[in-house]
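S.K.: If you want the building blocks of each chain, they are given just below.
Number of protein chains: 2
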Amino acid sequence: MLEPLFQYIDDHQNQFVQRLKEWVAIKSDSGDHTKWGEVETMLNMAAERIKKMGGKVELADAGTHQLPSGETVLLPPVILAEFAKDPKKATLCIYGHVDVQPAKMEDGWATDPFNLTEIKGNLYGRGATDNKGPVLAWLHAVESYQATKKEIPVNIKLIIEGLEEVGSYGLFKLIKKRRDSFFADVDFIVISDNVWATTTPALTYGTRGSSYFFVEIEGPKLDLHSGVYGGSIQEPMADLIALLGSLLDHTGKIQVVGVSDDVTPLTEDERKLYDNISFDLEEMKNVVGVKHFLQDTKEEVLMARWRYPSLSIHGVEGAFSDPGSKTIIPRKVTGKFSIRQVPNMDPPDVERKVKEHLEQVFSTLNSPNRLKVTATVGAKPWVANLQDSQYVAGQKAVKDVFGVEPEFIREGSTIPIAQTFQEETGKSVMMLPISGHDDGEHSQNEKISRYNYIEGTKLFAAYFYELSLLH
Amino acid sequence: MLEPLFQYIDDHQNQFVQRLKEWVAIKSDSGDHTKWGEVETMLNMAAERIKKMGGKVELADAGTHQLPSGETVLLPPVILAEFAKDPKKATLCIYGHVDVQPAKMEDGWATDPFNLTEIKGNLYGRGATDNKGPVLAWLHAVESYQATKKEIPVNIKLIIEGLEEVGSYGLFKLIKKRRDSFFADVDFIVISDNVWATTTPALTYGTRGSSYFFVEIEGPKLDLHSGVYGGSIQEPMADLIALLGSLLDHTGKIQVVGVSDDVTPLTEDERKLYDNISFDLEEMKNVVGVKHFLQDTKEEVLMARWRYPSLSIHGVEGAFSDPGSKTIIPRKVTGKFSIRQVPNMDPPDVERKVKEHLEQVFSTLNSPNRLKVTATVGAKPWVANLQDSQYVAGQKAVKDVFGVEPEFIREGSTIPIAQTFQEETGKSVMMLPISGHDDGEHSQNEKISRYNYIEGTKLFAAYFYELSLLH
Chain A
82 MLEPLFQYID
92 DHQNQFVQRL
102 KEWVAIKSDS
112 GDHTKWGEVE
122 TMLNMAAERI
132 KKMGGKVELA
142 DAGTHQLPSG
152 ETVLLPPVIL
162 AEFAKDPKKA
172 TLCIYGHVDV
182 QPAKMEDGWA
192 TDPFNLTEIK
202 GNLYGRGATD
212 NKGPVLAWLH
222 AVESYQATKK
232 EIPVNIKLII
242 EGLEEVGSYG
252 LFKLIKKRRD
262 SFFADVDFIV
272 ISDNVWATTT
282 PALTYGTRGS
292 SYFFVEIEGP
302 KLDLHSGVYG
312 GSIQEPMADL
322 IALLGSLLDH
332 TGKIQVVGVS
342 DDVTPLTEDE
352 RKLYDNISFD
362 LEEMKNVVGV
372 KHFLQDTKEE
382 VLMARWRYPS
392 LSIHGVEGAF
402 SDPGSKTIIP
412 RKVTGKFSIR
422 QVPNMDPPDV
432 ERKVKEHLEQ
442 VFSTLNSPNR
452 LKVTATVGAK
462 PWVANLQDSQ
472 YVAGQKAVKD
482 VFGVEPEFIR
492 EGSTIPIAQT
502 FQEETGKSVM
512 MLPISGHDDG
522 EHSQNEKISR
532 YNYIEGTKLF
542 AAYFYELSLL
552 H
Chain B
82 MLEPLFQYID
92 DHQNQFVQRL
102 KEWVAIKSDS
112 GDHTKWGEVE
122 TMLNMAAERI
132 KKMGGKVELA
142 DAGTHQLPSG
152 ETVLLPPVIL
162 AEFAKDPKKA
172 TLCIYGHVDV
182 QPAKMEDGWA
192 TDPFNLTEIK
202 GNLYGRGATD
212 NKGPVLAWLH
222 AVESYQATKK
232 EIPVNIKLII
242 EGLEEVGSYG
252 LFKLIKKRRD
262 SFFADVDFIV
272 ISDNVWATTT
282 PALTYGTRGS
292 SYFFVEIEGP
302 KLDLHSGVYG
312 GSIQEPMADL
322 IALLGSLLDH
332 TGKIQVVGVS
342 DDVTPLTEDE
352 RKLYDNISFD
362 LEEMKNVVGV
372 KHFLQDTKEE
382 VLMARWRYPS
392 LSIHGVEGAF
402 SDPGSKTIIP
412 RKVTGKFSIR
422 QVPNMDPPDV
432 ERKVKEHLEQ
442 VFSTLNSPNR
452 LKVTATVGAK
462 PWVANLQDSQ
472 YVAGQKAVKD
482 VFGVEPEFIR
492 EGSTIPIAQT
502 FQEETGKSVM
512 MLPISGHDDG
522 EHSQNEKISR
532 YNYIEGTKLF
542 AAYFYELSLL
552 H
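So the sequences go chain by chain: A and B.
Every position in the first sequence, counted from 1, becomes a number in my numbering once 81 is added.
Every position in the second sequence, counted from 1, becomes a number in my numbering once 81 is added.
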């Protein structure tokens, strides 16, 4: 069944690379709203491709957005598309985005970031792996069925946006609005917008959530000279250091009472998932450049990054941060830290506990200064059920294409999209990456290998088939 | 004896203000070495004035200085001057400087900083109080003797530099070099380059020294994403917070073992000096904008600022310090703090104890990161003997001019010049301020009041006389 599809994909790989080259050439950097015209050009190009394949496309209004300047701007539309529908088949909705991170030669690119360039089997260019390559791979997987005159075994819907890199403005509202229309008949949602953990193909079943905290201590009405006033002032910076120092112990354990209470206990089945991951601890020490991690074994390190919460102190605003020496007593300082959260932690509950903790510690300082703690909640943590048809189908598709068992992995970082889809639509959600762990998304010299791009296209084609068998 | 001098000074006050206006008009900002030409112009102008008064002037070579860029630049000269010498008289050497801090209208000046402007008895302009006004006051005190045909009762020498605001490059070497020539016959050195503590005239008998510490923690070889790595990495920022948090308790007491051991015990005589200081604790709370100081009484607050050591944490370099949120794990962070020191603390000894303390605390963190502690020693603390003739003469001169007892005060900040003169020349040193406590040296709208400028000139004239009586 799958062989002719794979053959078609192999035979047309140069054409698929050429299409990616055309897409990469569009500078759809969403970082600067004055350049959203390029994002719209890219969305239109994607819409045209889908239409050519027989898809029905709506360029859905995503509303407006208020900039930090106060100015309100119109958002680029979101593509909502679908191919011919058969009510007997399951319906799969594919999410992707066609905007990119900024890129400039002078940032240290070896090749023009907007001219896809193949070197030793790697396709270098901004958006090659994040996320233009995977979006095209989905379309080419559909094409492989159409061109070989095979019925696509699932109904395909697509939701493609152009503002993922700046936080998907308008998208979540749109999802909510279309829950009972566009999403009503959707059974599964699949996202391919992350990377494998190693060189082995992976299925991603969880992401950490996060909250970002601002601890502001305000003291004197002006910055003071430490020679003149030092010794008589309870300095805001000293208060802040005491507060920040109360958050963690030196093993990385969060000291905020109760904050880790809701962490889902590790089951034996889950523990076993870690045995198969081909993560090389020694190699990772070299890559990162540390003598040791906080944990001793591969499994413990991965769990610390993926399935346990963590707290990182990012910096201090308002204190002296330039090179050199300056003998200032800063009047107002703001410490910044974030807590990565895992199921079943609840960000508002974490926020409340952190505030209580900081207020309690502050009360012991007998300080004349003022404490203000604020938090921005990034996203809730997400974890999928591995018994779900999507994961079973994904596992089989990996075996079909690569001949190996996938690694079941999580992302330690926050990718709000999976959790949002799951929460807003109530559908099953899977993350099915085809990008390599060394693709450098967001970095200079972003790439996707020809191997991952083409075998990834096969993976998607096989996935449609395997999913249809289970439904 | 003093009346005719005072009369002359009163009669010529408009001329003295005019001369200050001419000096303020020279933009002798020493902060930018490309503008040291203006500093030289100012030094030449001062030299011409001294010559006109019959003084002998040497523009002494101050050598060269290496800029942070590596470039070596020639330093402006230092004025070494003297008036006619009588071996029977004591010799007083006066120190001053004619360079200024930067000043621009757009920083918030109400008047042009380089156009001395009188408003309600205050003379606004950069350098009015720091230090062109006092330098001219010394010259006008000499002039008052010459013009009234009175013998100057002490031999007068002058050392006037143009780089005080950037750290007196070359000066200390020059002092050492001329110890056995220019300074050989000097009995007393007097400095008027600080301010009164209140509205009462003051004699300053001590300054705190300081050491500036850099605590560098270096970890991974690159900045890391806190989502991807958070929980597995012993973060440099967490190590740094633990180290900085070990330095102080919340009462401001330094926690470094032994660091305060050498603080001179408070004597009853010294304690009594604080009773007379007209410092208003409530007013100071309002000025600074704090609900309370670390101490409860006026005496305790002043002692904390003047005669006890203090530790201030100034900031962190290398961490996230901009507004907004960024989820970075910084790879290398440098905490910065300084310790103000008092007699008989010894900066190298303090440095050794601080390093030992930080290394000891760091060893408890079991960290894979690297700690490096470096220190720059600013200056040793200084305290004068109040039984010294200069202080007795100064006290009498204050009574002659102002009819009150002076306040005996210290400076909490580091003014290396007094300690350096005392150490390098072995002479008695006094600081005799004429500037008001609200003159705003280094700030926008720097000023000296006409009252302080003119009565200060009288104070200097009276001081020459009183000193000669005691010799």
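Hints should not be assumed to be uniformly reliable.
Same chains, same names: a pair is fine if it fits in one copy or spans any two.
Stated by the list, open to error - Quick list of in silico lysine-lysine cross-link-like pairs, DSS-like style, CA-CA up to 25 Å: (1) Lys407 to Lys185; (2) Lys334 to Lys258; (3) Lys372 to Lys169; (4) Lys230 to Lys366; (5) Lys434 to Lys407; (6) Lys353 to Lys436; (7) Lys169 to Lys302; (8) Lys132 to Lys185; (9) Lys185 to Lys302; (10) Lys170 to Lys231.
Worth flagging that the hints you see were computed from the coordinates, not collected in a lab.
S.K.: Decide, hint by hint, whether the structure agrees.
M.R.: Verification of the hints:
Within a single copy, lysine 407 and lysine 185 get their C-alpha atoms only as close as 34 Å, which misses the 25 Å cut-off; across copies the closest is 21 Å, which meets it. Neither within a single protomer nor between protomers do lysine 334 and lysine 258 lie at most 25 Å apart by alpha-carbon distance, with minima of 41 Å and 59 Å respectively. In the homo-oligomer, the alpha carbons of lysine 372 and lysine 169 never lie at most 25 Å apart, since the shortest distance is 57 Å inside one protomer and 73 Å across protomers. With identical chains, the CA atoms of lysine 230 and lysine 366 are never at most 25 Å apart, being 50 Å at best within one copy and 84 Å at best between copies.
Taking the shortest Cα distances, lysine 434 and lysine 407 sit within 25 Å of each other only across copies (22 Å), while inside one copy they are farther apart (36 Å). When the C-alpha separation of lysine 353 and lysine 436 is checked against a cutoff of 25 Å, the pair qualifies neither within a copy, at 37 Å, nor between copies, at 47 Å. With identical chains, the CA atoms of lysine 169 and lysine 302 are never at most 25 Å apart, being 70 Å at best within one copy and 55 Å at best between copies. In the homo-oligomer, the alpha carbons of lysine 132 and lysine 185 never lie at most 25 Å apart, since the shortest distance is 32 Å inside one protomer and 63 Å across protomers.
In this assembly of identical chains, lysine 185 and lysine 302 lie within 25 Å of each other by CA distance solely across copies; the values are 23 Å between and 42 Å within a copy. In the homo-oligomer, the alpha carbons of lysine 170 and lysine 231 lie at most 25 Å apart inside one protomer (14 Å), although the nearest pairing across protomers, at 115 Å, exceeds that limit.
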